[in-house]
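Protein chains in written order, with this note's numbering: chain A, 1 to 334; chain B, 1 to 357; chain C, 1 to 357; chain D, 1 to 274; chain E, 1 to 260.
What the hints contain is simulated information worked out from the structure, not anything from laboratory work.
A quick note: this is a predicted structure, and the numbers were derived from the prediction, not measured.
Heads up, some of the hints might be wrong.
Claimed, not checked - Partial selection, computed: residues in chain B whose CB lies under 10 Å from chain C:
no., residue
1, F54
2, K103
3, F128
4, Y176
5, E177
6, L200
7, T296
8, I299
9, K301
10, E306
Using N, Cα and C, we set each Cβ at its ideal position, and we do this for glycine too.
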Amino acid sequence: GSSSNTADADKDTLVVLNYGKYLEPSVIEQFEQETGIHIKLEEYESPEEMYTKFTAGSICYDVVCTSDYMIERLISEGEVSTIDFSGFSNYGNLNPDIIDASRVFDPEACCSMPYFYGTLGILYNTTMVPTEEAQSWNILWDDTYRDSIIMQNSVRDTFVPALRLSGYDINTEDEDELADALALLIEQKPIVYAYYVDETADEMAAGNAAMALVYSGEAAYAMELNDDLSYAVPEEGSNLWIDSWFIPKRCAHRENAEKFLDFLCRGDIAMANFEYVCYASPNQKVVDALDEETKNDPTIFPPDEILEYCTVYKQLGIDTTERYSYLWKTLKSE
Amino acid sequence: MKRKLINLVEITKSYGNNVILDDLNLYIRENEFITLLGPSGCGKTTTLRILGGFEKPDKGQVLFDDRDITNLPPNMRDLNTVFQKYALFPHMSIAENIAFGLKIKKKSKAYIEDKIRYALKLVNLEGFERRSIDSLSGGQQQRIAIARAIVNEPKVLLLDEPLGALDLKLRQEMQYELIRLKNELGITFVYVTHDQEEALTMSDTIVVMNQGYIQQIGTPEMIYNEPVNAFVADFIGDSNIIDGVMVKDKVVEILGTKIPCVDEGFGENTPVDVVIRPEDVEIVSPGEGFMDGVITSVIFKGVHYEIEILAGGYEWLVDTTQCYAVGTDVGIRVIPFNIQIMNKPESEDEEAAEIDV
Amino acid sequence: MKRKLINLVEITKSYGNNVILDDLNLYIRENEFITLLGPSGCGKTTTLRILGGFEKPDKGQVLFDDRDITNLPPNMRDLNTVFQKYALFPHMSIAENIAFGLKIKKKSKAYIEDKIRYALKLVNLEGFERRSIDSLSGGQQQRIAIARAIVNEPKVLLLDEPLGALDLKLRQEMQYELIRLKNELGITFVYVTHDQEEALTMSDTIVVMNQGYIQQIGTPEMIYNEPVNAFVADFIGDSNIIDGVMVKDKVVEILGTKIPCVDEGFGENTPVDVVIRPEDVEIVSPGEGFMDGVITSVIFKGVHYEIEILAGGYEWLVDTTQCYAVGTDVGIRVIPFNIQIMNKPESEDEEAAEIDV
Amino acid sequence: MYKLKKQFLAGPYLIWMIGFILLPLAFILYYALTTSDGAFTFSNIAAIADPVHVKSIVLSLKLGAICTLVCLVLSYPLCMILSTFRFRHQSFVVFLFILPMWMNFMLRILAWRLLLSNNGIVNSIFAAVGVGHIKMLNTPTAVVFGMVYDFLPFMILPIYNSMVRIKPETLEAARDLGAGNFTILVKIIFPLTLSGIISGVIMVFVPALTSFVISDLLGGGKVLLIGNVIEQEFMQGTNWHLGSGLSVVLMLFVIASMALMNVFDKDGGGTAVW
Amino acid sequence: MVKKWSQRVYLGIIFLFLYLPILVLIALSFNNSKSRVVWGGFTLKWYASCFTDETIMRAFFTTLQITLAAAVISTMIGTLAAIGISAMKRRNRSIMLGATNIPLLNADIVTGISLMLLFVKFMNLGFVTVLIAHITFDIPYVILNVLPKLNQANRSTYEAALDLGASPFYAFCKVTWPEIAPGVFSGFLMAVTMSLDDFSITFFTKGAGVNTLSTMLYTELRKGIRPELYALSTILFLFAFLLLLVMNRRSDKQMTAGSF
Ligand SMILES: Nc1ncnc2c1ncn2[C@@H]1O[C@H](COP(=O)(O)OP(=O)(O)OP(=O)(O)O)[C@@H](O)[C@H]1O
Ligand SMILES: Nc1ncnc2c1ncn2[C@@H]1O[C@H](COP(=O)(O)OP(=O)(O)OP(=O)(O)O)[C@@H](O)[C@H]1O
Ligand SMILES: [Mg+2]
Ligand SMILES: [Mg+2]
């Protein structure tokens with residue numbers, strides 16, 4: 001791709017790449033008003049999609065929000081530049097624990113800034129599933145829930161329950177372990193209702209399925225729609241995900257990007273985003289301002305005991321990535 | 001006389017409020033070449049389609065061999081149609097087109113092949129079996145359409161202006177061909193045309209129609225020489241049609257001159273139409289005929305000259321083999337036998353209505 | 001004689017390897033009604049399109065008033081075309097159709113309206129201004145096409161089988177109309193047809209073409225009465241064309257019988273074509289003519305009977321006003337003046353080539 | 001004489017075609033034949049022989065064929081009925097079938113998901129009728145259903161167009177020669193609409209073969225078509241070279257269909273769907 | 001009679017099949033609930049709020065811009081191309097038509113990706129690239145609509161206009177154009193429809209900040225579709241529906257005005 005990009009040299013713009021619906025629109029407006037910088041927002045669906053867009057290189061993004069392992073991958077590919085947090089006036093608002101947790105993929109904690117975090121767990125309908133059963137991944141293999149189980153339509157997330165059930169690390173690169181997990185998943189496929197990404201929450205809210213493998217944020221959204229729903233992170237252990245911002249090396253508006261990140265750390269702004277997205281915010285100001293009920297809602301803010309047995313995704317080697325891709329195709333074509 | 005094969009009894013047909021055929025009666029004899037002749041829109045095609053079974057009459061019956069076939073669908077009728085636009089099947093070869101009807105009748109392969117060869121020979125297109133439809137000229141396509149119809153050995157062949165799309169030379173050729181076919185096959189032909197020359201050349205019987213009524217039925221000679229009214233006279237060939245008054249038996253007055261004729265029984269001082277064929281007018285020296293005039297136009301027509309003479313305030317049309325100069329003063333003479341006297345209809349409608357056969 | 005208005009000089013045109021016109025020379029005089037006559041595919045339309053500027057000749061020149069217009073596009077030429085299929089603009093009213101050329105010439109509104117009224121009157125369609133094209137019959141559409149052409153006051157009007165799509169009655173009517181127009185407007189008409197009757201009726205000059213060559217140029221009488229070869233004789237009207245041998249001056253032998261004629265200078269014992277028109281054959285009692293035969297067919301044609309007589313092994317075509325029964329033994333007589341003797345071409349090609357004018 | 005000049009009017013399109021149709025295909029071909037290091041390889045194309053890919057392409061062919069067949073069976077009688085109505089404007093009929101596209105494709109498929117879901121409207125109707133509950137959503141059946149829904153117009157339009165071109169005289173002639181309804185259908189109408197059928201089959205089969213969104217949305221991610229594989233290679237696995245290689249294989253089917261179309265549709269009339 | 005009746009029933013079933021999802025979506029646009037699976041009563045509020053929602057409106061206008069611009073440009077290029085192709089010899093014509101079929105028959109995903117690969121090499125993804133992509137897949141629809149009309153058009157009327165003194169350009173405008181105009185118009189409508197409905201190709205070729213309704217819907221799927229989008233789609237659909245009715249009416253009138 002053409003790496004040097006001068007067409008967008010307009011000083012007052014900022015090209016932002018983010019998940020879909022992951023930024024409160026009024027925040028953008030406010031930023032534009034306060035700084036006079038015009039934001040071009042580009043959205044994507046999955047980290048892999050983001051990687052495609054990013055490496056295609058035709059658009060020069062100034063600041064990007066994506067998930068942990070993807071940031072690790074980009075760091076290892078040398079695409080990410082360090083951020084000068086010293087110039088930030090609001091960086092201190094962020095919870096240091098979360099910053100520490102992100103050292104898994106960003107050892108120096110100097111290349112990324114956490115935005116939201118959460119867990120992967122089981123969203124279940126209490127009218128169909130007893131709460132105690134939902135505390136283990138085993139329930140996803142329970143034939144009594146045939147055609148009532150929704151899995152994630154993404155490779156690594158779907159492999160998590162299988163790997164953990166067999167007691168393997170979710171970041172394993174061992175071929176045999178992955179093969180074992182695949183065997184489990186193939187065994188599970190006949191009773192799976194669907195592999196969904198986006199539709200899970202709505203389907204669960206509508207009562208079309210008994211349980212689903214979801215991210216905590218999505219679970220919160222679904223539970224808002226349907227009071228019968230509940231969320232659990234099985235004790236075999238799961239994934240802790242952190243979505244963070246980074247600034248690409250090829251960034252054309254570094255100054256604007258840093259201004260934007262600093263802006264996001266501001267208490268009121270982080271609050272607005274939290275209310276819009278409803279995922280756990282690493283911003284201490286937000287947590288402090290919340291009422292007790294929300295603050296203690298385990299679905300939104302995973303309690304420490306859960307966090308303990310959750311692991312952050314690590315970037316996998318190129319061979320394992322391709323292996324995953326192939327295993328995924330194998331599962332789907334069964 | 002031959003047996004009546006088809007009988008149309010009191011056929012009435014209208015589209016919406018438009019009466020197309022009104023109480024039409026007509027019979028067709030076996031092995032007859034009968035032609036429906038009339039101006040565009042007079043109901044010829046409608047009559048033919050009722051015969052073929054493509055339309056149902058609102059009233060009346062179609063009898064075939066004394067059997068009522070009014071409600072029989074076309075595929076059950078023992079007659080075949082040759083359409084104006086040929087209507088060949090474009091996706092089939094010529095042989096397949098011809099074999100279509102036979103295959104439906106489940107004839108043997110050998111029989112079908114024989115028939116195809118025979119039919120192609122009949123229409124002078126031997127060896128065309130494998131050719132495709134669009135490689136044929138209009139005349140050739142029409143022959144194939146005829147071949148396709150006759151291999152089914154229908155008792156009656158219906159033809160709707162089959163030569164309308166062909167040019168003069170081809171048309172004449174096909175006319176002879178059709179006459180030959182009719183003589184060879186011995187089947188009944190019902191032929192529709194608006195070309196009176198064609199009708200005169202080919203028919204045993206001509207049915208002249210106008211506005212859904214039959215005007216006259218007769219042999220070509222009868223129709224040409226003794227038209228029953230001015231419409232027929234005018235439609236069949238050029239005519240001088242002049243208002244006249246029947247002064248008394250055997251004397252008619254036209255254009256202010258009394259001339260002898262052979263007709264009687266019209267009463268005295270009755271207004272009539274006087275019809276004189278152009279070839280029956282003789283040109284003589286001035287003073288020698290019953291009327292003098294001056295030649296206003298001379299057109300060479302090959303066999304004869306077509307001359308217009310202004311005499312008595314009327315433009316006379318005269319056919320003669322001799323050439324005259326425009327402006328010559330001449331006289332006009334017609335022998336009494338060649339003067340046709342006809343009753344005047346009181347109105348156009350009555351003209352159409354008065355002669356229901 | 002009138003001035004030569006258009007001169008086609010050594011025109012050659014081919015499509016691919018197909019030579020359509022080969023070294024064609026032709027001039028057209030002012031205010032002449034000239035007809036190109038010939039069988040389908042002989043190059044008539046091509047000639048007309050070269051005149052109109054729609055095709056460029058491969059070789060040769062088109063001179064108009066002695067100016068070379070070979071490369072002038074159609075819109076710059078002082079002539080207008082009436083197309084076979086009318087080619088009226090379907091989305092315009094009749095008035096708009098007629099006004100089309102005048103608007104391009106930026107004529108004033110009043111002038112255009114005058115012209116439209118005048119032109120509609122000329123073609124007998126007064127008051128049709130607002131009507132749409134598809135509400136007209138074929139004949140009316142053709143009149144509008146003519147009106148559209150003549151309002152531009154072209155020096156020459158080109159017409160490509162303008163009456164081909166009309167039926168007989170309408171065709172005849174339009175023929176008279178065209179003759180009248182030519183007389184009233186005084187412009188030059190170049191007319192294309194394959195209908196010899198039409199050509200005879202309307203033309204001042206007929207150009208008979210075959211396979212891209214001009215066969216004969218002359219007045220209708222010349223062409224009909226003195227065709228230069230058997231092709232022309234056959235194409236212009238029905239003829240008896242018989243192989244003969246010119247025994248000596250004024251004596252020709254046909255079908256084994258020597259008969260007197262008026263032609264001289266062919267040499268002795270030269271093979272010739274003998275052409276006798278059907279209307280020139282007299283039917284007499286057996287033994288009274290130069291040959292005896294038997295009547296094989298009689299067809300009523302209205303004005304006359306068309307009779308075929310088998311005599312001397314040849315089917316003679318005879319037109320006569322008297323009716324005979326099929327099977328009658330008769331004699332045949334032709335007066336020497338009516339016997340045309342023509343040199344035999346050695347091959348078809350030579351027949352086409354020999355007479356370049 | 002004017003023809004030459006007129007041909008130049010296609011010039012802009014020719015340039016466009018080279019720049020934005022042919023050149024991009026060359027790019028795909030280039031990617032298909034190289035590894036990520038730029039070395040030449042056939043492995044990306046040979047990858048179609050991998051059991052996983054074979055499985056998905058076989059499934060795609062199967063579902064595509066079923067979908068095409070269902071479309072054909074539904075369309076043919078429909079076109080026969082439509083052609084008996086003498087519409088004043090043929091284009092009106094055409095737009096009746098095109099009109100749904102003004103509602104976004106994804107929304108319409110989404111609506112089908114609501115309709116087909118376990119307690120959706122269709123199942124409620126089935127229950128009311130007494131057929132009982134049928135699991136449809138997230139099965140290959142639902143995918144075929146969605147394909148039929150989406151591609152049906154592309155089968156109807158060419159068949160309808162060839163059907164209205166049949167002259168009534170041709171049918172009357174057949175009847176006149178003794179053919180009954182069935183014979184007319186088999187011997188006359190069917191052969192005369194064959195070119196329409198062929199273009200309809202191609203216009204349905206090829207997109208069905210290559211579709212990925214429908215299987216995603218109605219198959220619940222359980223149905224892996226070759227289109228999904230390619231999408232995954234480009235969007236998730238990010239192996240563009242493999243994705244390009246599989247795309248090239250898919251294009252072979254497209255080219256084969258086009259060749260078929262050329263054979264059956266000599267005048268190019270059947271391609272003109274609209 | 002029974003036959004006629006059963007024909008009508010069959011026709012009805014097919015149209016129900018085609019239009020049922022649309023009825024569902026229209027119903028959803030009146031649903032007073034954010035979830036598409038819960039009926040919350042009748043409301044018109046989505047119709048009001050869809051016009052005030054800035055992201056929706058921006059996507060809507062981008063869609064309109066791309067759709068209309070692509071349709072107009074492809075109609076121009078396609079019409080000219082059709083005229084050119086119709087004047088070509090058989091062989092050239094079938095080559096051109098063959099290439100024209102490529103975007104039509106090729107998998108959307110392949111078309112989109114191949115264009116993306118090209119754009120990425122030579123230019124920045126953005127509004128223009130989407131426009132180019134849309135024009136590329138719109139042109140075949142225009143050509144295939146215009147070409148039959150050109151073949152039907154009476155060649156001799158064009159020559160008649162030349163004969164009456166019109167320049168080739170004037171003759172085209174006044175004579176050929178009115179004859180092919182219906183084809184050009186339906187080609188334009190097809191182009192609009194296809195552009196409006198496209199997702200895959202836009203998805204691969206769009207640049208930062210460019211969102212059409214389709215791509216926006218795709219990202220919306222993640223969090224549930226905002227009911228405003230049902231409302232907007234309903235409005236678009238009804239607009240097309242009315243357009244169709246008016247067109248049919250108008251040409252009816254023209255027809256009756258034409259014959260007398
Ligand atoms: N299906 C129909 N619906 C309404 N009117 C019709 C129909 N078919 C024929 N007509 C009308 O019936 C009248 C007679 O039509 P018909 O075709 O029998 O005439 P025709 O004598 O064959 O004329 P032509 O010589 O022009 O073929 C015409 O006025 C025609 O307009
Ligand atoms: N554009 C063309 N390309 C190739 N051949 C042509 C073309 N136009 C005419 N021809 C051929 O040239 C020959 C003469 O055609 P032309 O149209 O001049 O004949 P015509 O005398 O007008 O015949 P008709 O009476 O059938 O109109 C024909 O054989 C025809 O096939
Ligand atoms: Mg008729
Ligand atoms: Mg011609």
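Cross-check of the supplied hints:
Nearest Cβ of chain C to the Cβ of F54(B): about 23 Å, over the 10 Å cut. The hint is violated. Look at K103(B): its Cβ only gets to about 35 Å from chain C, farther than 10 Å, so that hint breaks. Taking 10 Å as the C-beta contact cut-off toward chain C, the hint placing F128(B) at the interface is violated, the least distance being around 19 Å. Taken as an interface hint, Y176(B) checks out: its beta carbon lies about 9 Å from the nearest beta carbon of chain C, inside 10 Å.
Given hint, E177(B) at the interface with chain C, is violated; its Cβ is 13 Å from that chain's nearest Cβ, farther than 10 Å. Taken as an interface hint, L200(B) checks out: its beta carbon lies about 5 Å from the nearest beta carbon of chain C, inside 10 Å. Here the hint on T296(B) is broken, as its CB sits about 12 Å from the closest CB of chain C, past 10 Å. The interface hint given for I299(B) is met, as the beta carbon of that residue sits about 6 Å from the closest beta carbon of chain C, less than 10 Å.
About 6 Å separates the beta-carbon of K301(B) from the nearest beta-carbon of chain C, less than 10 Å, and the hint is met. About 8 Å separates the beta-carbon of E306(B) from the nearest beta-carbon of chain C, less than 10 Å, and the hint is met.
Violated hints for the displayed structure, listed by number in ascending order: 1, 2, 3, 5, 7.
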